[in-house]
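**Student:** Given two chains presented individually in distinct reference frames, assemble the corresponding complex, making use of the accompanying hints.
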Amino acid sequence: MRIALAGQPNCGKSTLFNHIAGYKAITSNFPGTTVKYTETKTHINGHTCTCVDLPGTYSLTSGDPAEVEARNHLLSGEVDVIINVIDASLLIRSLELTLQLLELEVPMVLCLNMMDESQRKGIQIDIEKLSKLLGIPVVPTIATTGKGLKPLFMEVVRILEEKKTGIIPHFSRDVEDIIRQLILDLRTEFKLQHHVPSRFLAVKLLENDSFFVDTLPDHDDMSVRIKRYQAKLEESHGVPADEVISSERHALAMNLSEKASEVVHPPQRDIRIVIDHWAMHRVFGYVIIAVVFYAFFNFIFSIGEYLEAPLMNLFNQWMNQLKGSFREGSLSFFLSAGVLQGIMGGVAIVLPYLVPFLIGLSLLEDVGYLPRAAFLMDVFMHRIGLHGKAVIPFILGYGCSVPAVMATRILEFPQHRFIVSILATMIPCAARTTIIFALVAFFIGPNAALGIFALNILVVAISGKILSLLFPYPEASLGLILEIPAYQLPPLRNTLKKSWYRVREFIVIAWPILIIGSVLLALMEYGGIEKYINWILSPLTHLLGLPVSVGTTLIFGLLRKELSMIMLTQALGTTQVLTVMTKTQIMVFTVFVTFYIPCLATIAALWKEIGKKGALLAILFTLSVAIILAFATRVFFGIIL
Amino acid sequence: MLTTLDQIYENKKATVTDIQGGQGIRQRLGQMGIHPGDTITMLRYGALRGPILIEVHGSQVALGRGIASRIIVEEVQ
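These protein sequence lines are chains G and B, in that order. Be aware that the first sequence starts at 858, since it is given in the working numbering, and climbs by one per residue. Be aware that the second sequence starts at 88, since it is given in the working numbering, and climbs by one per residue.
With the rest of the complex left out, here is chain B (with noise of 0.2 angstroms):
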């Protein structure tokens, strides 16, 4: 089921499968090596809406929700 990255569940692992929004997010996302097919592990959210934490390719990244709201993700059974 397709979802967006915000939805899933700490340690829970998801497949992104499309990144909606113009050729600057879609860059940046790259550059950290976040690309469509690419899994990711979700580590934790902060307080009060505030950025979530991920893990992909070894590294953790910090995602503002705003953003992961925009990463179309399927969540890996």
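Next up, chain G with everything else stripped away, as it sits in the complex (with noise of 0.2 angstroms):
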């Protein structure tokens, strides 16, 4: 059997999900982070059964490609129940969703979720009422501490096995009218055979929701009758059907709030009410931005520093029994030298930064800082011909590229997500900071890894006013709609557990990667393919002013950026960086890799999400971008120093 969590975003559908599943799915404090389904298979009461946690979605109109997919997979048929997830503290507009659900006809539970902001609220819920005008059970929970998960799963399993379905609450008899009218013509003169449940299909097409327009049979007599009932509808009330039938569902929802739950104290004011006062500021809200990503640069920063010297001096001493246990240049030695590399250049050099980073990232994701933030940059964002829901896979960026490539599905306009795509694999990931971290900030010095995150932005905010210039894309595209959800104050548990997921991805995905890639490397340095390659990059090594022996590492860095930084060390022999490599070469070199083409990895999500076209022009783009900068790079330091 199949249970789909569906309900409107960040209502806490995949903290609940998590508690099934283990940590398998991504959660923060912030709409809009699930845009595929993840599935787990679970036993309830002796029952197999998978678990599927939809993208939320705010309604069940076809929206955006995050909207559809969540759709989609519930009018599949497979779905045998839905956990409709509502936000208790938001009872009127998560009940809009809750009556679309409804005329899915699913076996449906509602878990009413954050009960204890609801209360905070002063909001009072008459369960068993709501229960009843719906005719489904209804059941409270606060899935960050995991209360009421067992009653729910309790009621899912029955209301399986009884298969009921919940009532359906009419809308005016004038609109029912012609629900029915036109249900009725479907059936029997067009015999129309479809599988979305009639009345579903019959409220969509008069709200004339363009996907189920389309999946009608080519039929001029029914289109004309849809019309019909639309300019009926239309002339009685005076407002377009859509906005009918929108405004019909909302005066339900409005009504079962007012039926079902009272406000018995106004809300308590709490402190995160000073917090967004300031936060949100229009002058103060900057300084604190300012502030805040100062700190975590910081924290970051003196956690891996502290980590990476020792770790170094351990992975050097180490490197130098291996030349005294075997003999230097002979095939053993690179093997083992390449497989030591790998491992740990993992170690003292990618998680010492990589660990704090995740935590940071994860710490600022739960409380709720983030869409505060897109409020406060969202200007700056218009001023680069960008608008609204772009800024949410530019901060997803900073964590890994591949989930900002995908979260550009939350953007209604193809040509819209092509050039946010883009510019998105362009933000630094958690593996191209880690090497600012370990070679500028390490080497050079705190404020010039700052410069290069202050450059990067700049860069960003140009190359995106150049591609919407290139790439025009219509002005009918909407500004910011953007949720600002409170802010909360999540269990520590799950933040570490969330960091601790993404740091176990490197440790399976990307780390196997790169000590392959260290020993692949030490293979062609024994066999000397190494130089070749060297040689053919040259030019542009030359260019760059870099040592000619970083070439191979840019190509490796292909695979995984943080090979690039691992095998440098390898490339040059040497640890001890400064001692091969001027300041300058250091700056270029992160600089370069710091823009140039995204991982394999991301390539196949650009191409996954914007084509084959998308992906090369993404990967010559950033390639030339990178060039650029670095060169200006080396000139400009050559200058000062």
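FYI, nobody ran anything at the bench for these hints, they're computed from the structure. Some clues are possibly wrong.
Some chain B residues judged to face chain G by a derived CB distance under 7 angstroms, without partners named [stated by the list, open to error]:
| no. | residue |
| --- | --- |
| 1 | 113 |
| 2 | 117 |
| 3 | 147 |
| 4 | 150 |
| 5 | 151 |
| 6 | 154 |
Label-pair ranges, simulated between beta-carbon atoms [unchecked claim]:
| no. | chain 1 | residue 1 | chain 2 | residue 2 | range |
| --- | --- | --- | --- | --- | --- |
| 7 | B | 98 | G | 1311 | 32 to 38 angstroms |
| 8 | B | 90 | G | 1457 | 51 to 57 angstroms |
| 9 | G | 933 | B | 111 | 21 to 27 angstroms |
| 10 | G | 1498 | B | 90 | 33 to 39 angstroms |
| 11 | B | 98 | G | 1400 | 31 to 37 angstroms |
| 12 | G | 1143 | B | 90 | 27 to 33 angstroms |
Stretches of chain G that chain B covers, calculated by requiring three or more beta carbons in the stretch to come under 8 angstroms of a beta carbon on chain B [said to hold, decoys possible]:
| no. | region |
| --- | --- |
| 13 | 1087-1101 |
| 14 | 1135-1145 |
| 15 | 1225-1239 |
| 16 | 1337-1345 |
Glycine included, C-beta positions come from ideal geometry on N, C-alpha and C.
**Tutor:** Okay, structure coming up:
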């Protein structure tokens, strides 16, 4: 059997899912974190079931691709039970989706999540009454602490056995009459066999939902009929048919909320209101955002620096021991050195920065600061020709480019997705951030590293301007419409679990690649192939004033960005980078690595999201940007140093 | 007196009377709980004509000025 978790963005679906699945879905206090669904197998009362975590959708009307994905899954006919997760503190808005889900005629359980938040707001919900009004079980939960989950799953099993669907509340009589007529027409006159429940289909057709209108067989008479019904609604209500339906649904939701809940005391004024007063202030907000990111930066750097130096020393000792036990220049020496390089590169260079970075990022996400940052930054996004939701992929890009590219699915226009995908890959991901820290901050100083991050933002902004001029997109694109969720004090355990989930991804996927890469390089050095690659790349390394031997590392960096750094010490033959590279060269190398061609996984994601041509363009664009910037860095540092 | 949402002062309330624009914008706003007849509280303006922050049905929503200027409202006295 198949259970689907459906609900509006940021209502806690993924948190709930993680309680079932262990940690498998990335959660954060940011609407739109999940853009594709995650599945897990689990056992409930002896039943084996598949549980699906769907992307959050505000409604079942076709909007962006993430919403369409969720809706199509619900309509696939494979879902046996829907758990509709709703934020109990936002009852009216959430019930609008619930009303549409009921129309799917699938057994459903309503999970009233975030009960703690709604109590704080002074909202008292009559659970039994709500359950009676909707004809489905309603279970209060607090997913962050796991409270109420057991009763929730007992209800899921019960409703599954009963196969009982809920009550679909009625719209006004005239609207219901038209819906009934349309259903009748579809069934009798057009003999329409549609796998979608007829009422749901009729309502969507009246709402002029393009997806369902397009699935209809080409039948002039039918579209004329639908148009006539829409006109009838418009005539009697004075607004377009889609607005009639949405207003009706809104009225029903308000009515349900009024019947089943009451405000018993005014919302408790808590510290969060004071925090927001400053955090979103039009002047101090920017001061705070600067302080937050500066503190974040120093947190990573101080931990990383503290760990990198002693680990590097240990690594050097072992390397020297290797030189003692194997004949230098022998194959076994090259092989064991390659393995050691790969393993220790991960331990000494990557993890000291990656772990604090991921913990800090998870914390910022879970607390809910990122939507505030999006609010503050929107005005600058406009300046570079980008609007609204585009900021979400950018913020995700600081974690990893792959989810950032996938997150562009929340944008409605393909042209918009195209530009934002390319720009998002230019944001330094965790891997590149590690490089910036371990090379520039460690060897040159934290301010130089900050400079690279600042340069990056500037370059992304200019690139945005250039790309949006080259590939204009429709002006009709909407501006920012973003929910700003309340701050949450996440259970530290969740944040740490999430960080661990991401660190594990490095250990399982990236680290083996790093080790294999190091061994390959060692073999190539042994076989002398490395020289040819370096020779082929020498025009580039000469142009940038880099040691010829770093050429190979740039090729390997395409597999995993961290690889180019780990291999740098290998290619140079020493971990005392400063003895063989000048500070200028370190800067040039890092700038180049930060901007050039996205890693393979990201290219694959780009290919999937914006097509072959788009991926190719991204490669060419980022490569040219990297060469220009690295050369400019060389010239600039040549002058000032 | 009718005006647009972006003209409402901070901490004032206004009732939506109309949303100018096509189905797309109506749908997006509707999903956030903003329909004709709803009451909105203006919480704050962003800097440099940046987005505005409003409260509607208990949730906070950031809206770009462009969109806010297409929401026709009547200020609640």
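**Student:** Run through the hints listed earlier and report the numbers of any the structure violates, in increasing order.
**Tutor:** Violated hints: 10 and 11; rest satisfied.
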